[in-house]
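Participant: One line per chain: the protein sequences are A and B, in this order. Going by the working numbering, the letters in the first sequence line up with residues 352 to 802, in that order. Going by the working numbering, the letters in the second sequence line up with residues 1076 to 1575, in that order.
The set of hints was computed from the structure by calculation and includes no laboratory data. Remember, it's a predicted structure, so these values are computed and weren't measured experimentally. Please note that a few of the clues may not be correct.
As the list claims (entries may be wrong) - With a straight-line Cα cutoff of 25 Å, these simulated DMTMM-like cross-link-like pairs (lysine to aspartate or glutamate) come out:
| hint | chain 1 | residue 1 | chain 2 | residue 2 |
| --- | --- | --- | --- | --- |
| 1 | A | Lys753 | A | Glu732 |
| 2 | A | Lys634 | B | Asp1491 |
| 3 | B | Lys1123 | A | Asp723 |
Unchecked claim - Ranges of calculated distance between the beta carbons of each label pair, as one might list FRET restraints:
| hint | chain 1 | residue 1 | chain 2 | residue 2 | range |
| --- | --- | --- | --- | --- | --- |
| 4 | A | Ala654 | B | Glu1287 | 52 to 58 Å |
| 5 | A | Asp375 | B | Asp1528 | 19 to 25 Å |
| 6 | B | Glu1287 | A | Thr368 | 50 to 56 Å |
| 7 | A | Glu747 | B | Gln1272 | 44 to 50 Å |
Using N, Cα and C, we set each Cβ at its ideal position, and we do this for glycine too.
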Amino acid sequence: MDYTQITDRQHEEMLSTIGIEHVDRLFDIIPETIRCEGELDLSPPLSELELQRSLTEMASHNIGAHNMACFMGCGAYDHFYPVLIDQLISRGEFLTSYTPYQAEASQGTLQAFFEFQTQISRLAGLDIANSSLYDGATAVAEAAILAVNTTRRHTILVASTIHPEYLAVLGTCVSDLHVQLKVLDAVDGKVLPETVRQNMCSDVAAVIVQSPNIWGQIEDWGGCFEVAHEDPKTLAIAVFNPIASGLLKTPGECGADLAAGEGQPLGNALNLGGPYLGLLAAKEKFARKMPGRLVGMTTDKDARRVFCLTLQTREQHIRGAKATSNVCTNQGLMALRATMFMTTVGRDGLAEMAKQSWHKAHYLAEQITSLDGWSLAFGGEFFNEFTLECPIDVTELVNAGKERGVLVGVAANGRRMQNLSTGNELIIAVTEKRTRHEMDALVALFKEMSK
Amino acid sequence: MVPEHRTSKHPSRGENPVEPLIFEKHVRGMCGVDFPPLDVPETETPEKLLGSGVDLPCIGQHDVMAHYTHLSDRNFSVDGNFYPLGSCTMKHNPRINEWAAALPGFACLHPLQDDDCIQGALRLLYETRTMLEEISGLHEVSLQPAAGAHGEFTALKVIRAYFADHGQSQRTVVLSPDTAHGTNPASCTMCGASVRQVRTVDGHTDLDHLQEVIAEVGPENIAAFMITYPSTAGLFDPRIKEMAQIVHGAGAKVYLDGANMNALLGRVKPADFGADAMHFNTHKTFSTPHGGGGPGSGPIAVTEELAPYLPVPQIMMADDGSFYLDRDREKSIGKVRSFIGQFGVLVRCWTYISACGAEGLRHVAETAVLNANYLAARLKDTYDMPYFAPEKGAYCAHEFVSVPQKLLDKGVTLVDIAKRMIDYGVHPPTMHWPVHNCLMVEPTETESKQALDTFVDVMLQIAEEIDNDIESVKNAPLVSDIARVDEVGAARKPILTWND
C-alpha cells in the first residue's frame, strides 16, 4: 500500500480542474532522456500482514538485550525505563508534528523542549542546554567547533581516554577546519592534570575530557579543568554520562564551561546505536554561539506565558554559511523520551539508578577479581563500568557468553573499537537492570573458563 | 466547506489553561516509578566523588501522564491537522513502521555486538542500502548520516576527499543557487569550503550566471554545485541536464539535495541527469515520523568513483550470503557519527519502501504532484503564484510557491494570513522561503481530495475575511490556545531554562 487516498474518479476530476487530460502532462517538462523507462527494480509490495511476518522473521534473527543479560556499555547502556514512555511517545500529536516554527500551533513540543533544556542543564550543572543534537559523538564535535569559533584558536586537547568513536568523529569533523587535535596520553587509564599542563600552549581553544571515560575510569575533571583555566581563554569541555550525575559530581561542579554527552541512557532503547540524542549544555554566555535549536520562554499578546524557538539568527535557515552549525533536524522524539524519563524518575529515581549501578558494578568487579588470574586493568575509581585484564582470549569469552545467553562486555581490541587496545581487555558495564543472579552466572562462566 | 474554528475540547481561549511546568508540579519525595531493592552488598562511594544531587522535579506517575497528555493537546500534527509545510513532506506516518522499529529484536540490540548476533538487522540495513541505490540510480549508498544536513556534510567530505586524492585539493569552492536550503551553505562551512551563489530566475538556475561564476572562480577551484531538483521553488528545471553538463565540464561534481525526492520516485533516477552524490531525507520521502523536530536520517548515494571515500562502517553481504560491517576502507573519510547510523529510523524506511514497492513509489510521486497542482489550480486566482501558469503549460512539481501580493496589498502581512490558518486548524505552510513574502505549500500524496478541498475553502475564506473582517486576520490567531507569540522579546532577553 502506498497510503494515497485519491480514487480514479477524483483523479479525473482533479485533472480537469488543472486543465489536462493525463497526469503525465505534469511531468512533460522533465527531459525525456532522464525519465525512468521501466519500473524500479524493487521487490513487489508487501501488505501489512506480510510486513508483520517478514519483520518478525528478520527481528528473530537477532540476539540482544531482550533475550540476553547485557553487560555491554561503551556509550550505549541497557538501562531501565518505564513503559509509560512508549505509550506517551506514540501519541500522534508528538510523533507526527515537526519543528515548532509556528509557536501558536506547537506549544506542547515547545514546552517539553524547554523542560528538557532545564533538566539537562541541571544534570550538567550548567546554565543552559539546547534541545538535542544527533548523538554523543557529534555533540562533542559541535562543542569543539563552538570553542574554536569562540576563542578563535585552533588547537584542541583531547583525552586519549575519550570514547574512540567520539575521537574519530571529532577528527572527521575538524579535518577541513585548520584545527589541530592533540591527544593527551593516559597514565593508568586516566589523563593527569600534569599532562594537560605539558600540552598547553597559547593556541588551545579547549580541553576535552570524558568521565567516566571509555575504560569506565572516573577522571579528575576538577584537576584537568583547573589547569585548562590557567589560560583564561581556554574552554573546559566535559563529556558526561547523564545517569552518573545522579551520584557523582556534575561537569559544572568540576569547573566545565561546556558539557557534551550521549543522552541514550535517559529513556531511550539501544536501537543498534540510533536514533540516540546528543546533549550539549553550556554556561549562559555561550547562548548565542550554541548550535542547534533553542526554546525560550516568552509571552503572547495577552501576556500568557508561552514558548518559542529563539536565537534563530544563529541557525542555518537564517544565517546560511555563517551559522553556528549546519544542524537542522534535532532528535526531537528522543529528547521527548528523555524528558519524560527524567520527569518520571525524578531526583530520587535518578539517584537510585546511579547508586544501584555503582553498587552492582563494584560487586561484580569484586567477584570477578577474586578469581585466579583476573584483575582490573586500572587502579582508579569507576562508576558503572570497569575494565578487566583477562587471562583468557577476549574473543573466546565473548563467544562463550553468546552460548550462555550473556553479552559479557565489549572487547577493547580490534577495529570496532578503533584499535583502542592491542591487549586483552574486556570492558563490562553494569546498570541497575542487572540482577545478582545474572552477575553470579557471569562469574561462574569466567571461573569455569579459567580452569 | 469551511470547518468550524478549531476549538478542540475547549470552546474558547482561556479554557485550555496554560499547562504548569513540571518544575511547578514538583512534590518533594514523589517518584513516578519504583525499583527493586538492591540485591548486592553496598560499596561505599568516596566522599570526594559525590555530587550535591541533581534537582530534577519529582512527580507521581498519574501526573506524569496528565502532563504530557495536556502538552500533546497543544500541538498541531499530521495526524490531527492539514500540515502543508513546504519542503518538509509531511506525509502520513504509517503505524506499521512504529511497530516494526519497536520490535525487541530490533530495539534491544547493542551497537557493538558481533555481526553474527545481528544478522537480521544487518540484512534489513543491506536491503535498505540496495533499495536506495536502485531509487537513486547511483552506485553505492551509505546509511550513516543522521539527517539531511548531516548527509550534505558527509557527501561534501567525500567529494573533497576524492579531489584531494586526485591531486586537486584546491577545489574548495562550492556553488549553490541563491534559493538553496540554508543547510547547504552551512554544510559547506563545516567542510571548510566557501560558497558562491548562483542566481535563479523565475525559480530556475540562471545557466548564464552559472557559467559566469565558474569562469570567475576558475573551473579548477570548484568542488561541487549543490542543487535541489525539483528546485526549492517546486519546479522541475527543464535544463537540469545541461546544468549538470556545465558543472561536469568544469571538472566539478553535482550534488543533489534530496529534500524533494517525493516528486521523483520511480520517475527520475538522479544518476540519470548527472548527480554524482545526493542525500535522502527518510523523514520526508519515506514516511518516518518528524517527531517534533527529529530524528531524521540522511543516507547518501554516490557514484562509483566517489564510493571508496564513503564513511565507515559499510554494510556488506559476504559471498556466503551473510552480512557484515566493513570497517576497513582505506580511503574512507572515517566516521561521521557514532556506531552504525539511525538504525530505528532505517527500519521504518525499509518498511515503507517495502509496503509501496516500485509501482507504489511511482504512484506516490504522481499523486504528490497531482495534489499540488490541483491545489495550485484552485487557489491561483486568489493567491498569486509567480511560477504557476497552467494556461502556458507551466505547472508545479510536488509543491508550489505563492506570493499573495493582491492580499498583502490590502493591508495584511504574510504572518497574519498564516496565523489565521491556525484558527481553522491548518498548520501554516513554510513562509518567506525560498523567496520573500511567500507561502510554500506541499500537500503530499497522502491527503484526500476532501482534505484538499477543505484547505482551499479555508484559504478562500481567509481571503474573504481580508475584505470584510480584516481585524480577525490581523489579530489571529483568535481561537487557538494562545495568542500571537512575542518572538522578538524572546530573542532579546533569552530565557532558556527555568529557575525555581
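Participant: All the hints need checking, so say for each whether the structure fits it.
Facilitator: These are the hints, each one checked on the structure:
no.	hint	result
1	A:Lys753 x A:Glu732	violated (29 Å)
2	A:Lys634 x B:Asp1491	violated (37 Å)
3	B:Lys1123 x A:Asp723	violated (32 Å)
4	A:Ala654 x B:Glu1287: 52 to 58 Å	holds (53 Å)
5	A:Asp375 x B:Asp1528: 19 to 25 Å	holds (24 Å)
6	B:Glu1287 x A:Thr368: 50 to 56 Å	violated (41 Å)
7	A:Glu747 x B:Gln1272: 44 to 50 Å	violated (59 Å)
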